[in-house]
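**Q** Protein chains in written order, with our numbering: chain A, 99 to 380; chain B, 2 to 272.
It is worth saying that the hints were derived from the structure and are not from the lab.
You may find that some hints are simply not true.
[Stated by the list, open to error] Quick list of in silico lysine to aspartate or glutamate cross-link-like pairs, EDC-like style, CA-CA up to 20 Å:
#, chain 1, residue 1, chain 2, residue 2
1, A, 375, A, 277
2, A, 316, B, 15
3, A, 269, B, 21
4, B, 9, B, 91
5, A, 251, A, 317
6, A, 193, A, 204
7, B, 44, B, 34
8, B, 200, A, 317
9, B, 78, A, 277
10, B, 6, A, 317
11, A, 237, B, 38
12, B, 121, B, 175
13, A, 375, B, 238
14, B, 9, B, 38
[Claimed, not checked] Simulated coverage check for chain A against chain B, where a stretch passes if three residues somewhere in it have a Cβ under 8 Å from a Cβ of chain B:
#, stretch
15, 114-120
16, 220-232
17, 320-327
18, 334-346
19, 352-364
[To be verified] So, partial list: chain B residues that the calculated Cβ filter (under 7 Å) puts toward chain A:
#, residue
20, 16
21, 18
22, 20
23, 21
24, 79
All values derive from a computational prediction rather than experimental measurement.
Glycine included, C-beta positions come from ideal geometry on N, C-alpha and C.
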Amino acid sequence: MIKVLKAGLYSSIQDLGRSPLQPIGVPMGGAMDRESAQNANALLENAPEAAMLEITMTGPVLAFTENAWVAFSGAVFPIYLDQNKIANNTPIWVKAGQELRFGTLEKGVRLYMAIKGGFLSDVLLGSRSMQAHLSPVIKLEKGMELPHVTGEKDQAIILEKKSNTPLDAKKILAFQGPEFNCLNAKQQKDLNQQTFTVSNLNNRMAYQLLPAISPFEKDQLTGPVLPGTVQITPAGNLMVLMREAQTTGGYPRILQLTVESINALAQLKTGDTFRIKVLPLN
Amino acid sequence: MLDAKEPKPPYILEYHPYSEYSLLIQWPQIVSENILEELSAFKKTLQSLYPVAILTAAYASILLVFPERIASFPALKAQIKKDYKLFSEEKIKGLLDLKDQGKKVKNTIKTIQAQKILYKIPVCYEAAFAPDLDFVCDNLKLSPEALVSRHSNTTYTVYGIGFLPGFMYLGGLDAGLEISRKLSPRMKVPSGSVGLAAKQTGIYPCESPGGWQLIGQTPIPLFNPLQDPPFFAEVGDKIQFIPISKDTYKLLQIQVAAGIYNIEKTIYTQS
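Please build the complete structure, drawing on both the sequences and the hints.
**A** Structure representation (structure tokens):
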């Protein structure tokens with residue numbers, strides 16, 4: 099197992115989430131940057147649904163009590179295995195007794211640590227993802243013990259493989275949402291020309307953007323939403339729903355981020371800026 | 002828009018490509034029992050035609066999410082349009098058959114066509130479980146007895162499930178019970194709390210922050226992540242609240258803890 103010596107800001111066990119339960123109101127959940135998460139698993143030839151660690155902003159300190167293959171993908175931190183600096187995008191052999199620690203975040207926000215065979219924490223409703231309102235714990239805590247499959251030195255691995263998610267995206271691509279045409283010409287232009295900033299209200303549920311575009315009032319019936327849906331509030335604030343968003347919403351849905359752009363946004367943090375390019379989806 | 006004059010079937014549906022993987026189907030965007038009924042039936046049809054898709058329904062929309070990218074939206078739209086046409090015609094034919102064949106057959110077909118379940122949820126409206134009851138009664142100028150009777154004599158319709166796992170958007174609230182949300186939301190609303198907010202009533206399926214006016218509480222866990230399935234109702238089903246005393250609340254709590262409580266349910270037949 100792995101012992102959590104220090105928890106860091108926000109690390110959680112994640113896999114691909116619980117999408118079949120959206121009809122009963124369970125958020126999809128799962129890794130925020132799917133591409134980097136899948137890349138970390140792929141390096142170890144894990145099944146795509148193998149559970150891994152999602153590390154956000156500051157890393158934990160982890161002590162290994164068993165041998166393991168691990169692989170990192172996504173955000174860039176200096177990572178130390180005992181005294182040795184190790185790299186992203188390549189498998190690392192860790193021996194029982196070694197410790198893993200992280201320096202100051204250099205680029206991106208979320209780093210994925212896959213482990214050969216996956217973490218073996220409890221399965222709840224078809225997934226090991228820690229999730230608000232469902233899991234007994236929603237992030238790593240000091241003293242926690244994380245069970246995993248013990249590694250064998252001669253297991254299949256892939257020597258190098260990169261994630262395609264940019265860590266400093268300047269352009270976020272989005273399709274027109276069902277209520278896009280309810281925006282007036284000026285609002286549509288604002289969307290395309292404005293530079294947006296990630297506000298400090300950003301987490302696994304949603305990212306609020308700044309500045310607001312002009313106020314927008316529309317009588318809207320509650321309807322389904324997905325991760326990547328951009329809602330507009332009456333004050334004109336844009337809320338981008340992320341992986342742990344609720345499954346229905348009552349604000350107009352003006353945009354839907356592309357799959358790649360959801361991943362890219364998950365690597366942006368408070369104060370990062372970008373522009374939105376609106377695409378047709380036909 | 003929500004108070005628009007209600008259109009009659011066959012409805013004109015809108016099909017909106019939603020993401021690379023999903024298509025949104027929209028009925029006229031109004032709160033309507035008729036639309037919901039057709040939507041629930043068409044949702045079942047779609048689920049059997051597209052077994053790999055995940056279908057989320059709410060009020061007057063269905064979102065179909067596929068596991069793979071949709072190769073061609075025009076082709077998918079055309080196919081679903083065709084599905085809807087066949088579905089509508091069969092339904093119309095079904096209704097004609099009903100007229101011709103008399104009451105016995107009518108009941109059978111009705112049951113098969115749209116079997117809705119009525120769930121009875123026990124709720125204790127006594128003060129200890131209803132922190133906002135006094136405020137609501139003062140505000141609506143109702144006695145607690147009148148409030149409880151109006152709230153529990155209605156059969157509510159599940160128009161959507163969302164906001165929290167197992168949270169049901171219930172329609173059909175008595176107009177005399179409409180009250181605005183609390184000015185500042187509570188940081189912690191206990192699981193099982195029954196609340197009022199504008200035209201809605203609902204039950205918090207888990208502890209959560211919330212701004213609804215709380216008028217009761219159910220001892221029954223609505224959403225249980227350790228159970229399969231974790232939740233009982235579907236969009237289109239019916240909910241009724243059964244007033245219970247504090248003693249019954251405690252008794253049911255014991256039954257729940259012992260794992261011997263089952264939510265009372267019956268096939269819903271419109272009177």
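**Q** Each hint needs a verdict: does it hold in this structure or not?
**A** For each hint, the structure was consulted:
Distance hint between residue 375 of chain A and residue 277 of chain A is fulfilled; the C-alpha atoms sit about 17 Å from each other, no more than 20 Å. A distance of roughly 19 Å separates the Cα atoms of residue 316 of chain A and residue 15 of chain B; the hinted pair therefore holds under the 20 Å criterion. Note on residue 269 of chain A and residue 21 of chain B: the hinted pairing holds, with a Cα-Cα distance of about 18 Å set against a maximum of 20 Å. Between residue 9 of chain B and residue 91 of chain B, the direct Cα distance comes to roughly 17 Å. Compliance with the 20 Å bound is thereby established for this hinted pair.
In summary, the hint linking residue 251 of chain A to residue 317 of chain A is not supported, as the alpha carbons are separated by about 61 Å, beyond the 20 Å threshold. With a CA separation close to 27 Å, the supplied pair residue 193 of chain A and residue 204 of chain A exceeds the 20 Å bound. The straight-line distance between the Cα atoms of residue 44 of chain B and residue 34 of chain B is roughly 15 Å, inside the 20 Å bound, and the hint therefore holds. Of the supplied pair hints, the one linking residue 200 of chain B and residue 317 of chain A holds, its CA atoms being roughly 14 Å apart against a limit of 20 Å.
Note on residue 78 of chain B and residue 277 of chain A: the hinted pairing holds, with a Cα-Cα distance of about 18 Å set against a maximum of 20 Å. Of the pairs offered as hints, the one joining residue 6 of chain B and residue 317 of chain A holds, with about 15 Å between alpha carbons and a cut-off of 20 Å not exceeded. Distance check on the hinted pair: residue 237 of chain A and residue 38 of chain B sit about 41 Å apart at the alpha-carbon level, beyond 20 Å; violated. With a C-alpha separation of about 18 Å, the suggested pair residue 121 of chain B and residue 175 of chain B falls inside the 20 Å cut-off, and the hint holds.
This hinted pair does not check out: residue 375 of chain A and residue 238 of chain B have alpha carbons roughly 41 Å apart, beyond 20 Å. Annotation: proposed proximity of residue 9 of chain B to residue 38 of chain B holds, straight-line Cα distance about 13 Å (limit 20 Å). Here's how the stretch 114-120 of chain A fares: 4 of its residues keep a CB closer than 8 Å to some CB of chain B, so the rule of at least three is met and the hint holds. Residues of the stretch 220-232 of chain A lying with their CB closer than 8 Å to a CB of chain B number 4, which satisfies the three-residue condition for coverage.
Counting residues of the stretch 320-327 of chain A whose beta-carbon sits less than 8 Å from any beta-carbon of chain B gives 5, enough to reach three: the coverage restraint holds. Residues of the stretch 334-346 of chain A with a Cβ under 8 Å from some Cβ of chain B number 3, which satisfies the need for three, so the listed coverage holds. Against chain B, the stretch 352-364 of chain A contributes 3 residues with a C-beta closer than 8 Å to a partner C-beta. That satisfies the three-residue criterion, and the hint holds. The restraint placing residue 16 of chain B at the interface with chain A is violated, with a minimum CB-CB distance near 10 Å, outside the 7 Å limit.
For residue 18 of chain B, the suggested interface contact is upheld, since its CB lies about 4 Å from the closest CB of chain A, less than 7 Å. This hint holds: residue 20 of chain B has a C-beta 5 Å from the nearest C-beta of chain A, less than the 7 Å allowed. Satisfaction of the interface hint for residue 21 of chain B is found here, the shortest Cβ-Cβ separation to chain A being roughly 6 Å, below the 7 Å cut-off. A hinted interface residue such as residue 79 of chain B counts as satisfied when its beta carbon comes closer than 7 Å to some beta carbon of chain A; here the least separation is about 13 Å, so the hint is violated.
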